[in-house]
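Under the UniProt record's numbering, the residue at position 173 of the sequence shown is numbered 173, and the numbers go up by one with no gaps.
Hints are computed from structural coordinates only; laboratory data are not their basis.
Treat the hints with care, as some may be off.
[Unchecked claim] Listed below are the simulated DSSO-like cross-link pairs for lysine-lysine, each with C-alpha atoms no more than 27 Å apart in a straight line: (1) K347 / K455; (2) K455 / K89; (3) K455 / K443; (4) K89 / K135; (5) K334 / K233; (6) K358 / K337; (7) K443 / K421; (8) K358 / K128; (9) K376 / K358; (10) K47 / K93; (11) K334 / K214; (12) K337 / K347; (13) K421 / K455; (14) K93 / K233; (15) K358 / K421; (16) K347 / K358; (17) K135 / K233; (18) K334 / K210; (19) K89 / K108; (20) K421 / K376; (21) K210 / K93; (22) K108 / K135; (23) K334 / K347; (24) K334 / K47; (25) K89 / K128; (26) K443 / K334; (27) K443 / K376; (28) K108 / K334; (29) K334 / K135; (30) K347 / K376; (31) K334 / K89; (32) K89 / K214; (33) K93 / K108.
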Amino acid sequence: MTNYIPQTTTISQSELILSLTTALDMTEGQPVEHCMRCCWIGMHIGKALQLNEQQLYDLFFTILLKDTGCSSNAARICQLYGTDERQLKNGFKTMDTSLIGAVRFVMKNAGSNQNWYERLRTTLDILKNGPQYAKEVIYTRCTRGADIARELLFDEEVALSIYNLDEHWDGGGSPHGVAGSAIPLYARIALTSQIIDVFHYSQGMSAAIKELRKRSGTWLDPELVIIAINLLKQEAIVAPLSADTISEQVLAIAPVGAREATTDDYFDRIVRAFGSIIDAKSPFTSGHSERVALFSDMIATELGLPEADRLWIRRGARLHDLGKLGVSNTILDKPGKLDEDEWEAMKQHASYTYDILKLITPLERFAYVAASHHEKLDGTGYPNGLRDEDISLVTRIITTADIFDAITAERPYRKAVPAEKTLDIMQGSVGTAIDSRCFDALKRIIATQPDEIAKLISLNT
């Protein structure tokens, strides 16, 4: 067990949150390290404004956490627009903001996953109601993002800045049409940084500067545009945006307070927050990560594992589906059977989980364990086809809890299954996908704690 449980928790607040933002990049349809690059740009704007250390601390986390609410509108965007919400979000950020540009964007993207008749209906609906829908999904995202900032105990200014990320200087933004200096400064810096990164990454720096000038006074604070353009003339500012070391560069400029090691309590607060971000991606996974953590803890307790191990099992369980933020809701919420390509895309979520968690240096070994919950004892699982002897007890516990919660939950293609029937179904996979010790522990828990199990199951229907 100790080979898989991290021996240190000396992880700084900045390193932990910075690494997890790569999951936010995926759900927002952005290239990896988007939030990091935005933070690099925004921090230099903040320094040019001579912000003090506390202000830089707040700005640092405003930008890193600006997309924490993005998973909460994914299912709704997919439903409204009939397309892969990640591709839509990606394209929306570089869309021509003129009326004709917006119409072209809708014609190209609306209903792209639908037959011709459904696509026509979707397109006409978006052309008629698009502005209203845009305000709705932006409000959802901004509200949830602000709530997460509060859950992570950041100052209210951080929460309000995340909430106002999509407000525009001229009052034409969302969700409330706030204008000018009434928009929090950190929100104005974050939006400016976001536009720079999106256009620089996709079209080059000259395009980014052109877009800044175009949106100055409409979307963007003119003063910040002038500062940003001057900064973008400096090689020391621009070069890291295309380097493989952007994470190290951002950590190097993190405010002093962000470099302090997290306490166990705050570490868990961050993990729970990101577990809720994962579960917000689909209406069918609401609360899933938290329940898997609770079921995993029950199984681990029944097996006699110490609290030090159970602490990490709960953390792994809360983050086991982190990679699902990189899977489209056209797949996650599909009411029918997935085709071969969709199934391959779905299976990628386990690899994505590993790729994200391994960025947190002390957790690299544990990342492998947390991301292996779809491996099977007989070697037929994914992503690595591990066999019995290669699958840790931690993974077996999380796998058992994950399967139990998945079957007892309602899914787009079926109703929820009662606990006893779920055990009957799981019995058929004992020895191949499910560890017998973990399964027997689960059965004992259900027999001895029926009310607690029923209460947890009631939360997923």
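K455 paired with K443 [C-alpha distance capped at 27 Å]: Status holds; Cα separation ~16 Å.
Agreement of K443 and K376 with the hint, judged by alpha carbon distance not exceeding 27 Å: 20 Å, holds
Quick one, are K89 and K108 close enough, alpha carbons at most 27 Å? Holds - the C-alpha atoms of K108 and K89 are around 13 Å apart, at most 27 Å.
Take a quick look at whether K108 and K334 sit within 27 Å of each other, Cα to Cα. Holds, at roughly 22 Å.
Given the hinted pair K347 and K358, is their Cα-Cα distance within 27 Å? 18 Å, holds
Verify the proposed pairing of K334 with K347, using a straight-line Cα cut of 27 Å. 15 Å, holds
Verify the proposed pairing of K358 with K337, using a straight-line Cα cut of 27 Å. 32 Å, violated
Does K233 lie within 27 Å of K334 when you go C-alpha to C-alpha? 47 Å, violated
Between K334 and K210, does the CA-CA distance stay at or below 27 Å? 40 Å, violated
Would you check the hint for K89 and K128, treating anything up to 27 Å between C-alpha atoms as holding? Given pair K89, K128 holds - Cα atoms ~19 Å apart, limit 27 Å.
Given the hint that K376 pairs with K358, test it: the Cα-Cα distance must not exceed 27 Å. 22 Å, holds
What's the verdict on K47 and K93, does the C-alpha distance respect the 27 Å limit or exceed it? 26 Å, holds
Hints 1, 2, 5, 6, 8, 11, 15, 17, 18, 24 and 26 from the list above are not met by this structure, while the remaining hints are.
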